[in-house]
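Participant: What follows is each chain in one-letter form.
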Amino acid sequence: MKFGIVTFPGSNCDTDAIHAVTDQLGQTAFALWHRDHDTQGCDVLILPGGFAYGDALRAGAIARFSPIMQEVIAHAERGAPVIGICNGFQVLCESHLLPGALMRNAGLKFVCDWVHLRVEGSAPMYLNGYQQGQVLRLPIAHGEGRFAADDDTLDQLEQNGQVVFRYCDASGNVTDASNPNGAMRGIAGITNAAGNVIGMMPHPERAVEALLGSTDGLPLFESLLARVGA
Amino acid sequence: MSTTISNVKPRPGDPAITPALVAEHGITPFEYDKLLGLLGREPTFTELGIVSALWSEHCSYKHSRPVLKSLPTKAPYVLQGPGENAGVISVGDGWAVAFKIESHNHPSAVEPYQGAATGVGGILRDVFTMGARPIAMLNSLRFGSLDTPRVRWLVSGVVKGIGDYGNCIGVPTVAGDVMFDPAYEGNPLVNAMCVGLMREDELITAKAEGIGNPILAVGARTGRDGIHGASFASEDLSAENEAKRPRVQVGDPFTEKLLLEASLELIRSGHIVAIQDMGAAGLTSSSAEMAERGDVGVVIDVTKVPVREEGMTPYEILLSESQERMLVVAKRGHEDAAKAILRKWELQAEVIGEVIAEPVYRVVEGDRVVAEFPGSRLVTECPQYHPEARESEAIVALRARDPHAVPERAEEADAVWTLVQLLSSPTIANKRWIYRQYDSQVRTSTVVGPGGADAAVVRLRGTNKALALKTDCNSRYVYLDPRMGGRIAVAEAARNVACTGGRPMAITNCLNFGNPKKPEVFFQFREAVHGMGDACRALGTPVTGGNVSLYNENPQGAVFPTPTIGMVGLIENIDHVTRSGFRTAGDAIVLLGDCTDELGASEYLSRVHNLTIGAVPVVDLDHEKRLVDALLAAIAEGSVRSAHDVSEGGFAVALAECCMADEDHVWGAEVELAAATDVTPRSLLWGEAQGRVLVSTPTAEAVLATATAHGIAARVIGRVTKEKRLIIRAGARTLDTPLVPLSDAYFNAIPALMQRAATATA
Amino acid sequence: MNRFRVSVHIVPRKGLLDPQGKAVSDALHALGFADVEDTRIGRYIVLDVRAESAAAAEISAQAMCDKLLANPVTEDYQIASTVTV
Amino acid sequence: MNRFRVSVHIVPRKGLLDPQGKAVSDALHALGFADVEDTRIGRYIVLDVRAESAAAAEISAQAMCDKLLANPVTEDYQIASTVTV
Ligand SMILES: Nc1ncnc2c1ncn2[C@@H]1O[C@H](COP(=O)(O)OP(=O)(O)O)[C@@H](O)[C@H]1O
Ligand SMILES: [Mg+2]
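Note that the protein sequences, when read in sequence, are chains A, B, C and D.
Counted the way numbering that gives the first Met the number 0 counts, the first sequence spans residues 0 to 229.
Counted the way numbering that gives the first Met the number 0 counts, the second sequence spans residues 0 to 761.
Counted the way numbering that gives the first Met the number 0 counts, the third sequence spans residues 0 to 84.
Counted the way numbering that gives the first Met the number 0 counts, the fourth sequence spans residues 0 to 84.
Simulated pairs of lysine-lysine, DSSO-like, Cα-Cα distance not exceeding 30 angstroms:
hint : chain 1 : residue 1 : chain 2 : residue 2
1    : B       : Lys206    : B       : Lys338
2    : A       : Lys108    : C       : Lys13
3    : B       : Lys430    : C       : Lys21
4    : B       : Lys61     : B       : Lys73
5    : D       : Lys66     : B       : Lys430
6    : B       : Lys330    : B       : Lys343
7    : B       : Lys61     : B       : Lys517
8    : B       : Lys343    : A       : Lys1
9    : B       : Lys430    : B       : Lys159
10   : B       : Lys624    : B       : Lys73
11   : A       : Lys108    : C       : Lys21
12   : B       : Lys206    : B       : Lys343
13   : B       : Lys61     : B       : Lys33
14   : B       : Lys68     : B       : Lys516
15   : C       : Lys66     : A       : Lys108
16   : B       : Lys464    : B       : Lys430
17   : B       : Lys206    : B       : Lys73
18   : D       : Lys13     : C       : Lys66
19   : B       : Lys33     : B       : Lys516
20   : D       : Lys66     : A       : Lys108
21   : D       : Lys66     : C       : Lys13
22   : D       : Lys13     : A       : Lys108
23   : B       : Lys343    : C       : Lys66
24   : A       : Lys108    : B       : Lys159
25   : B       : Lys33     : B       : Lys8
26   : B       : Lys159    : D       : Lys66
27   : B       : Lys159    : C       : Lys21
28   : B       : Lys624    : B       : Lys68
29   : B       : Lys516    : B       : Lys61
30   : B       : Lys33     : B       : Lys206
31   : B       : Lys303    : B       : Lys338
32   : C       : Lys13     : B       : Lys159
33   : B       : Lys303    : B       : Lys8
34   : D       : Lys13     : C       : Lys21
35   : D       : Lys13     : B       : Lys159
36   : C       : Lys21     : C       : Lys66
37   : B       : Lys464    : B       : Lys73
38   : C       : Lys21     : D       : Lys66
39   : B       : Lys430    : A       : Lys108
40   : D       : Lys13     : B       : Lys303
By construction, these hints were calculated from the structure, which means they are not laboratory data.
Please take these sequences and the hints and turn them into a complete structure.
Facilitator: See the structure below:
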């Protein structure tokens, strides 16, 4: 399967995503340049973490207007998979491919740490490899990760099963103490209504090797392989 | 010896060269005479500015170079020693590691956020201009007491500055060290280290070469910021200086990220012959140094330099320290290809000059020559000083005081109270509040990040190897005994690296001292450097580069002398990576090394008695070398489950840390320290005798045998327990406590202090 | 064409948590400014724009806010002033 | 005591690099706002203060800026308006 990983000026997790895709999943990865209008026939597009355009103004605000984003939007509208990780999630929200916004962490500091996440929601494309309610351990590293939306949007996201990951403690309880950024309702990751576009603040591509402390990010990609590859 | 140079004329509007103006530029009458001799005429204002930068301590090392020459710099694997932007060592399989540490103390004292951020930016450029991709950052910090709002303001700003810059550029910050002491009040130290990786054949140096080759200014535009930063860094931070402080420089990590990618692409492209960061003293020092290394002349036209503000004079353009700029020597005819690469990364590049055969350093402004010096002599003939060195008698007296004569406080009857005091001392307490603000994982190669082991471990992708990295310096030791302190700084860094399974390979160092013209400061400098050299020779870790930061003084006096060591170690087999925390109940706890009766210079005396006194623990360098070998052998045999050295706070603190360092679990321990009877319980528990490591192991016999074979004393002192309790029997005294109060003290101390208000104004 | 300086205020939407405002309030209290009852923090953007008229400059600034400068999900904006420069 | 709402503008000091402003200027140009000549980005702080008079409220706000709100080395501030609330 072909993965396209977008590099905006200021992206910095692009090579990590490429390594995850090639070294751990054994798939092909294409580096897509922000100025390109061509997704090179990729099946999956990944918007990686980093600080596109220095995160000037708001994270993701400027990247949204990159030429490649038109292609990403078209890809998403075709129902094909798009994954936004960290800064990529912010770009997806700014681009309105996902609802809501990511605001400055409630603690006002950048946070790099390991968090627990509870798997829920109904996005088979990404979640098939997990059990509902399973507790994952993934890294986070962000300064603007507080998910926010109005109550109606939040209700809708929940009703539609679009909330796919919530911050929780080691036993799966969603608590204030386990919420690293003050995200509303503990939301760490969501999908669009169709379930093909996913955005998440934690880094699944940093959790694909036991050597680095966790392999809990692998099933996300493997679900995709099983589904889209089939 | 006047040459034919005669076409340099003052610019209209230039101030007249008066003794006052010369003095304002930090040039002494002696140096000015030397300059007149070199030029054979009076300098122009522009030339005065250039010389003041190049002859500043920061650029010229005029007080430090003779002492630095005593350091060992060679090993078969050293590819590049001191003198370039960064040192480089080979790590085998065609891979090389470039690394360097640098200070940004003065800028951080004035504006902690930008000061620290631009410090990180500068050291990153030093590494990637060698052709290496930065793979890890470290930081070594020294502050006054966290009890004052101003120090908290400094800490917040510095940490945020380091984090924001490294995080944005995508280089993980993986390790460091922090110490708090009133000696740093008003003059914090901010040292940043960068480590980069490259193929050996990609090494490029900053040597201007090839007559007729164009010189390009690359990256950000030149503004009026930071003019005279280099000379500023060479003065005391007095109130008066603070008033005339130059405008601070503002970092732009986003541009730096582009510059990093573009520079590496340029270097690989074959279109350029040299590249150098425009760091301290900006365009002036970068161009003069490149010319000097290449033994060629250069001509620079300041009207071609892209500027941010209108009406900038040659003086300002030459001395600006605007960040995120590079100087590149391209191959003739390749400038367009080079520019195309830069454009792809949205960067500006302009040809601003040329390499010339004539051995002069010439600056023109269109048709007008505004500065011209005879070749590289400006760099090579910088005055050198051999200041007087004399130990301060006050310090001799402090060192002579007997710590055993210090009566215990009443509370100390309960050793748990003392342990809690030490674990909550900000110097010892867990530094998570700091490193949680650093992305330590980006690049997905951080095997052990901050907090997990005595050094950070970063794997070398595509090989089975990893690097072990750590900065260290116990400056209280250096203050009380600079020679011994200098040795210990290296020995401790080596121990920390070895505890993770890494063989110490080489060091970089950042020498943070006071005013070298004061005999007692120069004594500290000379002795500490010699001590560092002693240890480097004994441990086989050459010095590949470093940085000198003098004049770290404020009206209250000099900081503790702080020769920060940045150590790089090599882990040959990634399976050998070893952490510091206990991992399995029932494991034996083995103490390598001996408990001797040394309480002097300890964190205990400082924290509990507010005293900086006593003899510094003696470090036996031969023992340290064998200790490193023994540890590495035991780790390679697979018999070591965890390893942690005994440092600040002594044995009890080290043992408590072993119980708390496992991210997922807190363990207990029960040990018996039946040391020689003449060692007092106080020294047993809190003394900082050197050369000791705590190892946990399921196979104690194997560890003991390996240690003995290396001539290292080793004994089983107890066990790791599942019950979360720490029990230490130290001679007549027993310490017995649940872990909870210890972990509360250790993890909450810094967050609790930092929660209080912070403000820039005292 | 003339040159206008348009200043824009961008503020977090009412009702949304403003942790920065709260942190600043707390810090001000800790520093002894007991009389501060509330603090809100937003962005202040100054745009120098060439335009036919002040009104045209404002319309253009509004378009910039809608398109880029403000996030409609979380922020409100307001043109604070427009002057000729 | 009355309650006043004091608005403060805090901007990067002139001559200092404003990377954020530059990135936003570039983005605005890329979006077709060719007439933007310069963009500076600062902070907008609204303080609700109890004070005897508007003048007293402003003096107090100034002290807050000096002590905490503005960075004395890199930023300039200005009281933009003071109204009774
Ligand atoms: N400023 C810092 N940045 C990142 N990591 C740090 C910093 N200070 C300390 N650490 C990390 O915290 C841990 C403990 O550091 P330290 O107390 O210096 O250890 P040791 O006493 O063994 O030298 C190490 O993993 C170190 O890398
Ligand atoms: Mg250690």
